[in-house]
Amino acid sequence: MVDAADAVADAGAEAYPRIVAALIRVTGDWTLAEDCAQEALASALQRWPRDGVPGNPGGWLMTAARNRAVDVLRRAAVERRRLRDLALLTDPEPPTGTEGDVVDDRLRLVFTCCHPALALEARVALTLRTVAGVPTADIARAFLVSESTMTRRITRAKTRIATAGIPYRVPTGPALVERLPGVLAVLYLLFTRGYDADGEPAFADEAIRLARLLDRLMPDQPEVAGLLALFLFQNSRRAARRDAEGDLLTLDEQDRSRWDHAAIVEGLAALDRAGPGPYALQARIAAAHATAPTAADTDWAAIADCYDELARIRPTPVIRLNRAVAHGYAHGPAAGLALVAEARAGGALDGYPPALAAEAELTARHGDPVRAAALFRAAANLVGSDPERRALLRRAGELDR
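Counting from 1, one number per residue, gives the positions in the sequence shown under full-length UniProt numbering.
Calculated directly from the structure, the hints in this document are not laboratory data. Note that the Cβ used here is the ideal one computed from N, Cα and C, for glycine as well. Mixed in with the good hints, there may be bad ones.
Simulated restraints on C-beta separations [to be verified]:
1) ASP243 <-> ASP205: 15 to 25 Å
2) ARG152 <-> GLN38: 13 to 23 Å
3) PRO293 <-> ASP247: 43 to 53 Å
4) LEU268 <-> ARG169: 31 to 41 Å
5) GLY52 <-> ALA296: 22 to 32 Å
6) PRO219 <-> ARG169: 17 to 27 Å
The whole structure should be built from the sequences, with the hints applied where relevant.
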């Protein structure tokens with residue numbers, strides 16, 4: 001029974017977003033799609049422990065959800081065309097080998113969720129919930145609101161899509177360019193959720209898959225190529241980010257032979273087509289790390305230059321903090337600490353663990369290990385991730401010796 005429950009969880013994580021997207025495409029009813037997908041999972045939890053796990057778990061879930069939707073729509077006397085289209089739905093895997101695989105159901109769904117008629121936060125939340133299947137409670141925590149508040153926001157967004165008649169398709173022409181920034185922002189947040197220390201790697205994989213599709217759909221959009229390159233460079237290090245005990249390793253501690261060099265090559269090809277936008281600048285920073293044979297060979301001066309331009313375009317406190325770190329490595333810890341103080345002025349980074357950790361590292365390099373260790377411990381007390389906490393405390397312990 002435990003194995004069957006695990007199989008339901010694994011199949012649901014992979015198939016649920018595809019099923020929801022496919023049912024929305026056919027029925028146009030978000031609530032119906034989500035309800036039927038949930039009922040398919042509930043049915044699997046009941047039947048698989050008794051009957052055994054099917055050979056194609058995702059296909060089984062799609063069939064169960066489709067049949068449930070057929071029953072609901074039949075009772076509601078919905079037109080025969082929708083019933084016929086539903087009957088054709090089988091495995092949730094996307095088609096391959098044809099031009100049609102560029103515009104799959106989830107990509108249509110992303111553009112629908114990112115329609116400018118919706119507020120930006122609603123676009124992000126709706127996409128995370130519907131496309132990636134992120135639990136509402138997790139989305140609420142990311143937005144620092146209660147779960148009930150986030151539930152209402154998502155419900156209002158769905159209602160807005162229905163009442164405004166927002167079409168379920170990828171736009172063309174000027175509308176495609178207009179909608180692109182919102183889609184890129186959603187994919188960026190989706191990737192970040194998967195790449196974070198306690199993130200779900202499947203989310204990062206999904207963001208990369210959708211970024212590849214978007215890049216094929218819009219090969220002349222340089223920021224799409226920049227975003228894809230950024231994802232590939234960052235994700236190339238995933239297998240080397242932890243030691244045998246599961247603790248996080250810094251870039252200079254990682255075994256670079258374990259990096260995904262095929263992903264780095266793909267990222268460099270995408271970066272060649274990228275422009276001067278913010279995602280492309282972040283990709284160039286990531287490329288400087290990804291292509292350095294050793295940590296000592298990292299071109300920190302080039303990274304600092306990229307952060308100077310990025311801070312000019314997007315002068316957020318976090319970008320200014322990262323710029324300070326880059327300058328600290330390129331031009332000395334004193335220069336970095338001065339820029340950290342500027343970034344923290346006004347209190348925007350108060351209580352932000354990476355700000356304390358960055359100041360700690362630069363302070364250690366500046367020759368004050370006692371204060372640096374105290375800052376690392378202060379950062380450890382604020383993080384919510386056990387691996388991050390252990391890494392910060394380990395660094396503090398190294399300075400105590």
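> Taking 43 to 53 Å as the hint, is the beta-carbon distance of PRO293 and ASP247 inside that range?
Replying inline: Given a distance of about 24 Å, which is not inside 43 to 53 Å, the answer is violated.
>> Just to be sure I understand the hint, the distance between the Cβ atoms of ASP243 and ASP205 should be within 15 to 25 Å; is that true here?
In response: 23 Å Cβ-Cβ, so the 15 to 25 Å window holds.
>> If I claimed the Cβ atoms of GLY52 and ALA296 lie 22 to 32 Å apart, would that claim hold in this structure?
In response: violated, 55 Å
>> Taking 13 to 23 Å as the stated bounds, is the beta-carbon spacing between ARG152 and GLN38 within them?
In response: holds, 19 Å
> Is it true that LEU268 and ARG169 lie within 31 to 41 Å of each other by Cβ?
Replying inline: At 33 Å between Cβs, range holds.
>> Given the hint of 17 to 27 Å, is the C-beta distance from PRO219 to ARG169 inside that range or not?
In response: Check passed, 19 Å falls within 17 to 27 Å.
The earlier numbered hints that this structure contradicts are 3, 5.
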